[in-house]
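Numbering of the sequence shown is given in the numbering used here, commencing with residue 43 and proceeding in unit increments.
A couple of the hints might just be wrong.
Beta-carbon label-pair distances, calculated as ranges [what the hints assert, rightly or not]:
#1 ALA91 with ARG113: 30 to 36 Å
#2 ALA111 with ALA265: 43 to 49 Å
#3 ALA91 with MET233: 29 to 35 Å
#4 ILE151 with ALA320: 14 to 20 Å
It should be emphasised that the hints constitute simulated quantities derived from the structure, not laboratory data. Just so it is clear, the structure is predicted and the values come from calculations on it, not from any experiment. Every residue gets a Cβ at the ideal spot worked out from N, C-alpha and C, and that includes glycine.
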Amino acid sequence: MSRPSPAPPAAGAPSSAPPARTAPRRPAPLPAPVRLLRKHAVVIAGSLALGYLLVPNLVVLLFSFNKPAGRFNYEWRAFSTDAWTNPCGVADMCGSLTLSLRIAVLATIGATVFGTLAAFALARFRFRAKGTANALIFLPMAMPEVVMAASLGTLFLNMRVAFGFTTILIAHIMFCLSFVIVAVKARVMSMDPRLEEAARDLYAGPVQTFLRVTLPLAAPGIAAGALLSFALSFDDFIITQFNAGPSTVTFPMFVWGAAQRGTPVQVNVIGTAMFVIAVAIVLVGQLTANRRRRSR
43 MSRPSPAPPA AGAPSSAPPA RTAPRRPAPL PAPVRLLRKH AVVIAGSLAL GYLLVPNLVV
103 LLFSFNKPAG RFNYEWRAFS TDAWTNPCGV ADMCGSLTLS LRIAVLATIG ATVFGTLAAF
163 ALARFRFRAK GTANALIFLP MAMPEVVMAA SLGTLFLNMR VAFGFTTILI AHIMFCLSFV
223 IVAVKARVMS MDPRLEEAAR DLYAGPVQTF LRVTLPLAAP GIAAGALLSF ALSFDDFIIT
283 QFNAGPSTVT FPMFVWGAAQ RGTPVQVNVI GTAMFVIAVA IVLVGQLTAN RRRRSR
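From just these sequences and the hints, can you work out the full model?
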């Protein structure tokens, strides 16, 4: 049987049919500057942070060409290149600079050699107290410098070691060692062991495998640790102050003493030269790495 069709709704009665769906409104497009900011937010934030870090170096560069009226090089007076033409015009400054460079070079060599050996041992071998050794490596990095400086000074006093060049060198190797180990260990752990196995399969001996395969692969980490060690040693003041003798004055100690009487312009010259050399080394390393990647 056929069902009767429903009766049409009476006039004025509400309709039960669903309302027609309307298309969703699209949000208004953002302004062009806002879209550009959202697209390049990370690059802009990184550029601002890098600029903030470089501002002190630019100030040092600018005031290295200043000709102050008095002893203090804090206000711009007139442009001059006298400090650049005579960087050793201040007494004992170049002597302290030479001493700092000698200590930094020797500390870098010692910390790099011992740190590289320790990094390979921690990354490649299993032994007891390995976890404890890894934890102890981070102590010099996390410990305040004044604590390590006072501890080393007390050690040298108890051992009746004369303070001077030797004590500064030992102290610098001590606190640079951890940074080298961390940098080299991270590189060694990221290396592919199959490359060394392939070299041994091709009848390469242990020494040849290490010199031809392992050492070139670990070279970036070793170089990074060496550069960081040199910068930390050359720039250190607290540990050097606690472990230097009365007649041993490094460049940071000279700057600290000269600041009490008036910082000479030559200090800005040395600082600018060291900054330019460091940037040049980094740029050369990056260009060399990029050329090797393209050649591959």
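Do the hints match the structure? See the list:
1. ALA91 with ARG113: 30 to 36 Å: Given range 30 to 36 Å: holds, Cβ gap about 35 Å.
2. ALA111 with ALA265: 43 to 49 Å: Given about 45 Å between the Cβ atoms, the range holds.
3. ALA91 with MET233: 29 to 35 Å: Taking Cβ atoms as reference, ALA91 and MET233 lie about 31 Å apart, which means the hint holds.
4. ILE151 with ALA320: 14 to 20 Å: 18 Å, holds
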